[in-house]
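*Asks:* Below are the chains, spelled out letter by letter.
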Amino acid sequence: MSDKNLLEELAETLSDVIQQEYIEAYLSDKEKGLAEKFDTLIEENTHET
Amino acid sequence: MRLKTVTISGFRGFKDKQTINLDKDVILIKGLNGCGKSSFVEALEWLFFDEISRKKKSLCKSEYSGSFLKNIHCEKNQETFVEILVNIGEKDKKLKRKWLSAKKSEYYIDEQQVKNFSSLGINLAEIYKPILAQVEIKHYVETDPKDRWEETSKILGLGVLSEFRAALKELLTCKKNESQYTNSKAVLYGLESDLKQHSDLDQLRMSMTHQPFSMQQFEKELTNNITKFYSVKIRSIVELSKIIEKEFQKLFQKDKNFELVQKIWTPDRETISYTSKLTKNIVQLIDSLANLKIINININNFLKMGKKLITNSTCPFCLEKTLTNTKKKSIDARIKETTNMMKLSAKIVDELTTNHQFKDNMIQKITPHFDTVTLEKIKERILQDKKYETEISTIDSIIKQLKPLKEIFNTFNTQIDRVINDILSVAEGKTKFDKTKFESKLSTLKENAEKAARSFGQIRNDLQSLLQKLVSKTSGLSDKEKTELEKTFLFRKIIDHLDDIKFVGIYERNLNQVSALITKVEKFEKAKAKGLLITLNKQIKDFYSKLNPRERIGFSEIVPTKGTSRRIRIKALSYGKTINPVSCFSESHMNCLCLSIYFSQRVIKNPYWNFVLLDDPVQSMDEHHAKNLIRILTQIAEEKQVIVLSHNTRFCQDFRDLFYGKDYLFYEFSTYSKNGPKIDLKQAPFDTYISLAKEYYNGNTEERAIAANNLRKAIERFTVDVLIHLGKTGHGKASKMKLDERLDKIEKLNLLSLQEIGEIKVVLNTCDSGSHEPPRREVTPEGVRDGISVLEKLALKYLQKNTLDADSDKGQTIH
Numbered sequence: 000m001s002d003k004n005l006l007e008e009l010a011e012t013l014s015d016v017i018q019q020e021y022i023e024a025y026l027s028d029k030e031k032g033l034a035e036k037f038d039t040l041i042e043e044n045t046h047e048t
Numbered sequence: 000m001r002l003k004t005v006t007i008s009g010f011r012g013f014k015d016k017q018t019i020n021l022d023k024d025v026i027l028i029k030g031l032n033g034c035g036k037s038s039f040v041e042a043l044e045w046l047f048f049d050e051i052s053r054k055k056k057s058l059c060k061s062e063y064s065g066s067f068l069k070n071i072h073c074e075k076n077q078e079t080f081v082e083i084l085v086n087i088g089e090k091d092k093k094l095k096r097k098w099l100s101a102k103k104s105e106y107y108i109d110e111q112q113v114k115n116f117s118s119l120g121i122n123l124a125e126i127y128k129p130i131l132a133q134v135e136i137k138h139y140v141e142t143d144p145k146d147r148w149e150e151t152s153k154i155l156g157l158g159v160l161s162e163f164r165a166a167l168k169e170l171l172t173c174k175k176n177e178s179q180y181t182n183s184k185a186v187l188y189g190l191e192s193d194l195k196q197h198s199d200l201d202q203l204r205m206s207m208t209h210q211p212f213s214m215q216q217f218e219k220e221l222t223n224n225i226t227k228f229y230s231v232k233i234r235s236i237v238e239l240s241k242i243i244e245k246e247f248q249k250l251f252q253k254d255k256n257f258e259l260v261q262k263i264w265t266p267d268r269e270t271i272s273y274t275s276k277l278t279k280n281i282v283q284l285i286d287s288l289a290n291l292k293i294i295n296i297n298i299n300n301f302l303k304m305g306k307k308l309i310t311n312s313t314c315p316f317c318l319e320k321t322l323t324n325t326k327k328k329s330i331d332a333r334i335k336e337t338t339n340m341m342k343l344s345a346k347i348v349d350e351l352t353t354n355h356q357f358k359d360n361m362i363q364k365i366t367p368h369f370d371t372v373t374l375e376k377i378k379e380r381i382l383q384d385k386k387y388e389t390e391i392s393t394i395d396s397i398i399k400q401l402k403p404l405k406e407i408f409n410t411f412n413t414q415i416d417r418v419i420n421d422i423l424s425v426a427e428g429k430t431k432f433d434k435t436k437f438e439s440k441l442s443t444l445k446e447n448a449e450k451a452a453r454s455f456g457q458i459r460n461d462l463q464s465l466l467q468k469l470v471s472k473t474s475g476l477s478d479k480e481k482t483e484l485e486k487t488f489l490f491r492k493i494i495d496h497l498d499d500i501k502f503v504g505i506y507e508r509n510l511n512q513v514s515a516l517i518t519k520v521e522k523f524e525k526a527k528a529k530g531l532l533i534t535l536n537k538q539i540k541d542f543y544s545k546l547n548p549r550e551r552i553g554f555s556e557i558v559p560t561k562g563t564s565r566r567i568r569i570k571a572l573s574y575g576k577t578i579n580p581v582s583c584f585s586e587s588h589m590n591c592l593c594l595s596i597y598f599s600q601r602v603i604k605n606p607y608w609n610f611v612l613l614d615d616p617v618q619s620m621d622e623h624h625a626k627n628l629i630r631i632l633t634q635i636a637e638e639k640q641v642i643v644l645s646h647n648t649r650f651c652q653d654f655r656d657l658f659y660g661k662d663y664l665f666y667e668f669s670t671y672s673k674n675g676p677k678i679d680l681k682q683a684p685f686d687t688y689i690s691l692a693k694e695y696y697n698g699n700t701e702e703r704a705i706a707a708n709n710l711r712k713a714i715e716r717f718t719v720d721v722l723i724h725l726g727k728t729g730h731g732k733a734s735k736m737k738l739d740e741r742l743d744k745i746e747k748l749n750l751l752s753l754q755e756i757g758e759i760k761v762v763l764n765t766c767d768s769g770s771h772e773p774p775r776r777e778v779t780p781e782g783v784r785d786g787i788s789v790l791e792k793l794a795l796k797y798l799q800k801n802t803l804d805a806d807s808d809k810g811q812t813i814h
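Residue numbers (numbering that gives the first Met the number 0), protein chains in the order written: chain A, 0 to 48; chain B, 0 to 814.
Read the hints as simulated data drawn from the structure, not as lab findings. Quick reminder that beta carbons are idealized off the backbone N, C-alpha and C, glycines included. Check each hint, because a few of them may be wrong.
Every beta carbon over 12 Å from chain A, so not counted as near; a handful from chain B, in silico [to be verified]:
id: 1; residue: 64
id: 2; residue: 170
id: 3; residue: 674
id: 4; residue: 795
Straight-line Cα separation of at most 25 Å, PhoX-like style, residue types lysine-lysine; simulated pairs [said to hold, decoys possible]:
id: 5; chain 1: A; residue 1: 31; chain 2: B; residue 2: 174
id: 6; chain 1: B; residue 1: 227; chain 2: B; residue 2: 245
id: 7; chain 1: A; residue 1: 31; chain 2: B; residue 2: 227
id: 8; chain 1: A; residue 1: 31; chain 2: B; residue 2: 56
id: 9; chain 1: A; residue 1: 3; chain 2: B; residue 2: 492
id: 10; chain 1: B; residue 1: 501; chain 2: B; residue 2: 227
id: 11; chain 1: B; residue 1: 604; chain 2: B; residue 2: 576
id: 12; chain 1: B; residue 1: 570; chain 2: A; residue 2: 29
id: 13; chain 1: B; residue 1: 626; chain 2: B; residue 2: 168
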């Protein structure tokens, strides 16, 4: 129900996929989304060989 | 969308369910502070826009956590909800949002549960939000000139972008302070400064700190440097480690102090590797235990954590690979198969504790190479050579630290034992989970782990410095060999900290991505605001001039500054000369500007919402500005439904005067009790009173009394209208007269026949001719029904437009 139109428009103007993912994470859960996205990216990259 | 009724129950200041009729073009709600006006506004904000402005604007969001939306006096089974009847595209729809918990609510359209209101096709973007909350104006008025950009952007409805930006900034600050990052970063600073001493290693240093970081690139650079330096060929980083070891030994064999250095080098080498692993595992263990706190709520998580500990290749305590793959698989299978979760959890903890015998291993592993006896031997050897006298203090310090370290570990072991016993006992269902006790135990455990890690770190540093001092004083090495030795130390250090380098590199890559996103959001936000302000400048100026027609300071333009800085410039003129609004604009000017921006974007340019809701719009405005605002509202009311809330008596009086003759409702939130606000309908058109009388006349005693009261109000209203329109009496005079006086005057002026006046008096008798007193005797449905028909007949005969304004001192509760 939140105002996401502007953020979606912002996501469309960004070429960076990861930055779009941050916007999606924020829209999905304003309180935890961003922090979880950050940790997931660290986790994924730390384990990659 | 136009509002017809609002029903609020158990929400914020409303405990009891109350329905407020809003089915008119204009609604004025007056109420003293703390009587529930803002709760009314927040109910509509929450229903449509999810969050309330008061929370959004708060600097301390944690104050608004949990069940703050639910009225604290609510009965256990009372529902918390907001329901509205609205008119959308010529059709009436009932929209409801039911609060279930801080994170859960249900939406209904015409009693049917829906996911949200999106099927209605209404635009919920803040840029079209028709509600201007009290706190929005307050922030705009009070904002510091440097932050005016921020607030202007929010009034324009771009607040979601600054909220997102603020959330990203908070994330950055929080992540920059995370201990794992700060610790690894400290290690990196050390490595960087060491690398700076060797100009030929610049490339390696740069690849270590380069962003975006690539571990592959860094490892390649490191391998190149080492293979070049030692003229060897290697295939992996593991091999590098071995080569360095060999080269070190080779260099030192020439020195007469080889034996002494060897004694320190070997245990130190092992201590480094062991301590870094142990510290990491202790932290992991404590984190896992901390996660077990939710054991009583989510047993699945408990299982996951247990599984994570088991499937870890090494035991977190003794660092041995004790679990075979077959065993791991069998545990996995058991987890899948079993339905008895509690027993299984107990089993997992059992595996962790019994089979690993961590207690003895822990100390044995740490100290065998440099226990007190070994260190005393080194000391003895050092004392033989005067050159090394200064290093005695370092050896003594290490010896001194060993004893307390052992004690810390002993305590740590006992505490781990206790915590695991606690978990076992809970998992087996023997005791109840005591969160506070468990948390306190964990925090002591963590404290001790940190103490142990610190102590380890200190011993390591001391050994390292001792070794370096010994090396620098070697006599058998040439200058070139000494440089080689230094580099060997450095390479060894880098290899020991590869994990830190990788972690910091990736972490910072992510931090940079967040920073870049913040910049992009800022740019986007600025471009959006700029675009809107260019389009809206004329309207903003027009509204501002209407609010301040004879003001000596005239607003002319509002523009974001050039470049990347996030500032905004308000341009203003005084008698044709440019003035500086920062020093000349008062709070009243800012209040007017806030309203002008709101009207220009969220009202005039808003095709989606047919109502306008202003909560306390005249906060800092004087009566002249306030009157001008009402004039603007009279114009807006021709196209949209206008709802205004205020505590300001003068403003409300002016509002009623200027809306005289318009079709409007005037409510007063008169008093407040724990059941919620007492809402009185103070003024309404004739037909509203009649329709309320019709609604209640057939009900119980109490409802019939409400019907009678409304009937009496209808008579009051009718007599005022007759005097004004047929008797040419002034509005003020007619409304101030008592009902008896009005009827006498109507009789004297022959405005109604004697028979008609008689009929009115009979109706009054029905509702109780005691006028302002509540009915003293039982009101009959027939009596009210007959009264309604008399009044409707007279209104039809004498008043073509029966929706005119009238004054009355006393209202009646509508519920």
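*Asks:* If a hint holds in the structure, say so; if it doesn't, say that too.
*Replies:* Cross-check of the supplied hints:
The claim that residue 64 of chain B is not at the interface with chain A is violated, since a C-beta of that chain comes within 12 Å of its own (minimum 9 Å). At roughly 5 Å, the least C-beta separation between residue 170 of chain B and chain A is not larger than 12 Å, which violates its mark as non-interface. Distance to chain A confirms residue 674 of chain B as a non-interface residue, since its nearest Cβ pair spans about 29 Å, more than 12 Å. Annotated as non-interface, residue 795 of chain B keeps its C-beta farther than 12 Å from every C-beta of chain A; the closest such distance is 47 Å.
Under the criterion of a C-alpha separation no larger than 25 Å, the hint pairing residue 31 of chain A with residue 174 of chain B is consistent with the structure, at around 13 Å. In summary, the hint linking residue 227 of chain B to residue 245 of chain B is supported, as the alpha carbons are separated by about 16 Å, within the 25 Å threshold. Distance hint between residue 31 of chain A and residue 227 of chain B is unfulfilled; the C-alpha atoms sit about 48 Å from each other, more than 25 Å. A distance of roughly 19 Å separates the Cα atoms of residue 31 of chain A and residue 56 of chain B; the hinted pair therefore holds under the 25 Å criterion.
In summary, the hint linking residue 3 of chain A to residue 492 of chain B is not supported, as the alpha carbons are separated by about 49 Å, beyond the 25 Å threshold. The suggested pairing of residue 501 of chain B with residue 227 of chain B holds, with an alpha-carbon distance near 23 Å, which does not exceed 25 Å. Distance hint between residue 604 of chain B and residue 576 of chain B is unfulfilled; the C-alpha atoms sit about 31 Å from each other, more than 25 Å. Restraint check for residue 570 of chain B and residue 29 of chain A: the C-alpha separation of about 37 Å exceeds 25 Å, so the hint is violated.
For the hint linking residue 626 of chain B to residue 168 of chain B, the alpha-carbon distance of about 42 Å lies beyond 25 Å, and the restraint is violated.
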